[in-house]
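Q: Now for the letters of each chain:
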Amino acid sequence: MSSTAKSLFEKVWERHIVEDESADKPAVLYIDLHLVHEVTSPQAFSELDARGLKVRRPDRTFATLDHSIPTLAPDANGERPYFTPQAKIQVETLEQNTKNHGVKLFGWDSDNRGVVHVIGPDMGLTQPGFTVVCGDSHTSTHGAFGCIAFGIGTSEVGHVLATQCLTQRKPKTMRITVNGTLQKGVTGKDVALAIIQRLGFGGGTGYALEYAGSVIESLDMEGRMTVCNLSIEAGARCGMIAPDQTTVEWLRGRAYAPKGEAFEAAAADWLTLKSDEGAVFDKEITIDGSAIEPMATWGTTPDQGGAIRAGVPLPSNENDVKALKYMGLTGGDSRDVAKVDVVFIGSCTNGRLADLRAAAEVMRGRHVAEGVRMLVVPGSEKVRLEAVAEGLDKVFEEAGAEWRLPGCSMCIAMNGDFVAPGQLAVSTSNRNFEGRQGPGSRTVLASPATAAASAIAGHVADPRQYIA
Amino acid sequence: MSSNQEPINTFSSRLVVLPEANIDTDQIIPARFLTTTTKAGLGKVAFNDWRYNNDGSLKADCILNIIDPEEHRILVGGNNFGCGSSREHAPWALTDYGFKAVISTEIADIFRSNSLKNGLLPIVVPQDIHDKLTKNPQQRVTIDLEACELRFEDGTVFVFQIDAFSRQCLLEGVDAMGWILNRVSSIEAYEQRTGKAAA
Ligand code: SF4
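Read top to bottom, the protein sequences are chains A and B. Going by the working numbering, the first residue of the first sequence is number 30, and it counts up by one from there. Going by the working numbering, the first residue of the second sequence is number 8, and it counts up by one from there.
Simulated from the structure, these hints should not be mistaken for laboratory data. Note that the Cβ used here is the ideal one computed from N, Cα and C, for glycine as well. Worth double-checking, as some hints may not be accurate.
[As the list claims (entries may be wrong)] In the EDC-like style, the derived pairs of lysine to aspartate or glutamate whose C-alpha atoms are separated by at most 16 Å in a straight line are: (1) A:K354 x B:E27; (2) A:K54 x B:D182; (3) A:K201 x B:D170; (4) B:K203 x A:D53; (5) B:K142 x B:D170; (6) A:K54 x B:D170; (7) B:K142 x B:E156; (8) B:K139 x B:D170; (9) A:K199 x B:E27.
[What the hints assert, rightly or not] Far from chain B, some chain A residues (derived; all Cβ distances over 10 Å): (10) P103; (11) E306; (12) G340; (13) R393; (14) Y495.
Take these sequences, add in the hints, and give me the full structure.
A: The structure is reproduced here in structure tokens:
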């Protein structure tokens, strides 16, 4: 083994060093793609304006509306039902800021508007080997394409707008190898929840993750995005997967992807982005993917989860006791004891077409249980249109679910879509923190198929009973 | 160099102890307060759902409603403090409330980075030091950033780790935006070298 063997992370990192780090100075890292949304950008644009600065690379900066916008249609006068006047002001602020700075906004009038981490890949803005940042912690999603992609704060949004660069310390690296073959009915979401359970909620803090192994390779791009999306739920700012033929074919023909010969040349380069044999990681763990079952959380952090079949575990520490109390669950019970009030399908974790298809497959010809409110929110306008073309909206509506316009919606519950105090929600999103889906809300994280199965059963249910 | 933050050096304070593990940024400031377009005044909604009842009245038993923020500049949190969302509104809310430092056995990456840019000093300590802090919130401890020391009244001194550059920025109140703007010749050279210059 040569000592020059490099990991995927190191290869991409080295391509972006503007100034290398030293003991008393961080690296200056170049950013290829900067995604912007209404919630974490206003103060950054204000900072630029106060200093009389321009956006350095409007051609590498793309904005959209997703976090605080309504998912209900406008009224007869075309008025959108914003939850608060302040939410409307925030949207108008982004419209004005992007206009002033010549930044492309995929706004209300765009067929490409949607959750940032859905639209970037969808349009081929996200390309292998890129550095991608956004003022949102689930920017790790783009790592599915072999990108170093991570969430940043608003000060850093300002830095990238003004200089296209960030100061960064190189993180440690960890490789997570998931071997074996997935069982039927087990998805990327279940793999991710199993990984987080193994690592622990803060287990990835300080690391850049690389996911590898036969299970990861077998996932489609949507499944890979779900896995990388959830890296931050183990504390890791970024998680990545080496590009392969699946990645190349997925990107071919996308609006912003290179065309013709340029695409073939780019693809040849992308395929070199993988960890060399003998690459050294600060930590390595291996997981038996064949043993993973449909998963659901039962606590208030994403690592407090397990196989649905195993039921709610007995608490093993103080955190567990506190979490079970908040969730209104009892250790040792099976998962069908607690009644589900709300089911949410959507978000940057599981709001893509493949996710909606998986949920629809379970829902088709069935109906949500008495007393369950189900919301289906496509991740982007493009996803919505494609789903409608396939008739998925009808499947959901006939099953008794609400079919909404794209946005973050109940994932972050700042647009008026929220879970009422004390209600139990099964959600395909990414955080089950206390109050995340509204004050007093209780969240169970699961895959789209599991969420759909739970809507039908009225309690957290293993989807395999509904899949042919 | 111009600065948008006060330099920090040495200060002494009593402690606010929030012992729960995994205090995420949704707890520090719930998402429904993120529609603001400024940074100002978020201290009143810091830990909103811990501090207020649904009708907006103060919860009498919440420590954050009892103490005098002027006297309590140091927040000691449970393990994995600041996890979750990348919202910089979290350090904005904490500093506006009055905090100058956060101490835990583990502090989440993005929160740590955001804190350093807002004059909120994140300090990671081992379990025994954490225990010594949480046992007695009324004690006064001194944080000396120049020396990287956390000093107890009984003479115990803990030397904490902090990235040298971040420390310098905090000590001098260095303007991070100004610093990176000064890299412009390197940035241009990089763009030329890699074919990434604007067309
Ligand atoms: S869907 Fe949720 S996690 Fe994803 S970007 Fe929106 S708020 Fe953040």
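Q: Hint by hint, where does the structure go against what was stated? Just the numbers, ascending.
A: 4, 5, 7, 8 and 9
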